[in-house]
Amino acid sequence: MIKFQNVKKRYNDVHALEDVNLEIRQGEFISLVGMSGAGKSTLLKLIIGEEKIDGGRILIDDIDISKIGKGDLPYLRRKIGMVFQDIKLLPKRTAFENVAFAMEVCGHKKEKIAGDVPKILDLVGLLHKRDHFPHQMSGGEKQRVAIARALAHRPVLLLADEPTGNLDEINSDEVLDLLLKINQLGTTVMLATHAADLVNKVKKRVITLEGGKITKEQKEGKYQL
Amino acid sequence: MESMSFFRIIKTGFVNFWRNLWLSAAATMVMTITLVIFAVLFLMFALTSYSIKTIQNTVDISAYFKVGLDESQIMKIKNDLQNDPRIKQIVYTSQQQAFDEFKARHANDPLIQESLNELTENPLPATLNIKTYKLEDYPGVAQELEGANYKDFISKVNFEDNRVVIDRLGKILRFIITFGAALVAVFSIIAILVIFNTITLTIYNRKEEVEIMRLVGATNWYIRGPFLTESLLYAIGSTVITSLLFIPIFTQVLPKITAYVNPQLNVFHTNLFNYWFLVLMLFVVALLLAVISTLLAIGKYLKI
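Protein chains in written order, with my numbering: chain A, 1 to 225; chain B, 226 to 529.
Zero decoy hints are in this set.
Under the rule of at most 30 Å between Cα atoms (straight-line distance), these lysine-lysine pairs were calculated in the DSBU-like manner:
#, chain 1, residue 1, chain 2, residue 2
1, B, K236, A, K110
2, B, K236, A, K129
3, A, K67, B, K528
4, A, K45, B, K525
5, A, K45, A, K204
6, A, K70, B, K432
7, A, K92, B, K528
8, A, K79, B, K432
9, A, K112, B, K432
10, B, K236, A, K119
11, A, K52, B, K432
12, A, K92, B, K236
13, A, K88, B, K432
14, A, K67, B, K432
15, B, K528, A, K109
Per the computed footprint, the stretches of chain B lying under chain A, defined by three or more beta-carbons under 8 Å from a beta-carbon of chain A, are:
#, segment
16, 229-236
17, 425-436
18, 440-447
Negatives, chain A to chain B, calculated, CB over 12 Å:
#, residue
19, L59
20, D177
21, G186
These aren't lab readings, by the way, just hints derived from the structure by calculation.
Backbone N, C-alpha and C fix where the C-beta goes; we use that ideal spot for every residue, glycine too.
Bound conformation, chain A alone (with noise of 0.2 Å):
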């Protein structure tokens, strides 16, 4: 699904990513772990076009990334849902809006909007907090209504960064199960953190990264530096 071949990123000086080699398939739950500024966020910008590489290839269904037009990268981040640690929700729109916004910046009609956001926050256990304000709402509730919008144009691939990064221990398990929840419903999930704990109760494939190059790989993984 998804290919990075000798994929080098810099920030003037700085290697925030050497040589990566990797493979995504469909269907996986992949973490990625490192320390901060390991080149995990990195990472995930070049998927979705928000940074651009400069050197190597990264390939999307056979696509080069780096080829698609300013134009059409719209298209590539709908099918791509990414949350973030500080939430991004809009802080004058109710849990509805936040994730009815989504879905209106792309043409849908109220219908639809209408029909599907109560069933995107069903799927996330937030249906009864529909009319409520994100300062109304906890952060794992937030976080849960930012992977709601992410999901508002069924994504292929979900990703995450530090989603986690600023939430409590029950709050931290209840976006986590999210997340496998959302990845047993068939969306590839890339998870990127440095929550050991969290990492360790998943189980399944860990790609470590040092320093801008991805120095372990792990099938069924724990956290490990």
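Add chain B to chain A, keeping to what the hints say.
Same frame as chain A, but now just chain B:
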């Protein structure tokens, strides 16, 4: 799907305009000032060039023939002059015509009518009314008519030299063009800067929203569209205000000025002073200012 997006872009543009109402009002006002200056200069320019044309048309030479001169002789002179490449038009008024016209002109004056009836001989001379192609040819032609060739036939040459007035108007016109262009340029730059700042602030206010839009796959034009819509509203607003301000000028002031310059013309029947033409021109100028400044702001601050 496309029409839905279009509707949402327009709606968001209106919402942006409304949420930053004071900023929007300031941007619209600066644009209005620019348009007013532009409109005033345009009208001054149109009026001056129109006056020059009107005055140019009034310049001519009248050659008065000696009374009792044979008409065939006058015709010969007329034919001679017609061969002159400088001369555009010659109108002949015979003694009888001159008399009839004079009589008709004073039809309501019984004293003149009575005196005319007393006359045994027509005292009014035959005339040739001459117009040249070029303004600068008038003195030459007038001099020739006064010269030896025609001395025996022509009693008087009347040449009203309006060239000084025309020259002065020409200078005013050139001043309006240079001074006006500079003024319009300065205010255009001010308007562009103010709109640029307003749009930049709107972009800044909606930073979060724009970032999320990008991440969830909104197209570039879906993100840019509302900012362009917002500036389009400034353009429409300022065009409407300026157009309204100019209604009294078109209905009250301009007819008086043109009536003064040329009483035969009605201001609303000349293309030069067509109100809707001015409105259209103002809108085009406003649109250009709005689009330029918004594209600059988007290019600089809206990362897609």
